[in-house]
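> Sequence:
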Amino acid sequence: MKKETRVGVSILLGLALAIVVWTLAPVTGSAQAAVTTLSAQDAQTPAAAPQSVSGKIASVEKSSFTLTVAEKPSVSSSGGPKTMSFQVDQNTTIDGKLKVGANADVTYRQEGGNNIAISVRVS
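With this note's numbering, letter number 99 in the sequence shown gets 100, and the count goes up by one each step, no holes.
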């Protein structure tokens with residue numbers, strides 16, 4: 002009878018240990034994932050949604066260009082042309098040749114106060 006009691010107690014303790022490990026494992030994993038997610042968000046600002054604009058190219062530099070965009074009429078707007086500068090990086094796709102006076106459609110994102118061109122279509 003003593004041997005049967007030892008086996009029964011061992012099985013119950015093993016089962017209890019398995020239940021404890023099984024219940025704590027997801028909590029620990031979720032907590033670690035939450036800490037990792039928060040750290041990643043602190044390290045970088047969330048990516049802004051891409052925006053699009055069209056206009057005439059006013060100037061072209063080695064790694065940037067300026068676009069003259071006509072503002073949409075509004076009550077408080079002066080109605081004059083607006084210029085926007087765009088940075089070009091290794092990920093920018095350019096369809097056509099960037100040249101002053103050409104019309105261009107630009108898809109861009111804002112990063113660190115700069116407009117980074119994602120794609121440019123020159124017509």
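Fair warning: there could be bad hints in the mix.
Unchecked claim - Below, simulated DSSO-like cross-link-like pairs (lysine-lysine); rule was C-alpha separation at most 27 Å, straight line:
#	residue 1	residue 2
1	63	100
2	63	83
3	83	57
4	57	100
Said to hold, decoys possible - Derived DEER-like restraints, expressed as beta-carbon distance ranges:
#	residue 1	residue 2	range
5	49	104	20 to 28 Å
6	83	110	12 to 20 Å
7	96	49	45 to 53 Å
8	96	70	17 to 25 Å
9	71	51	16 to 24 Å
10	53	20	50 to 58 Å
11	19	112	46 to 54 Å
12	123	91	15 to 23 Å
13	114	92	44 to 52 Å
14	90	18	53 to 61 Å
15	120	21	48 to 56 Å
16	50	91	49 to 57 Å
17	62	112	14 to 22 Å
Just so you know, the hints here were simulated from the structure itself, not pulled from any lab data. Beta carbons are placed, not taken as given, at the ideal position from N, Cα and C, and that holds for glycine.
> Can you give the numbers of the hints that this structure goes against, from lowest to highest?
7, 13 and 16
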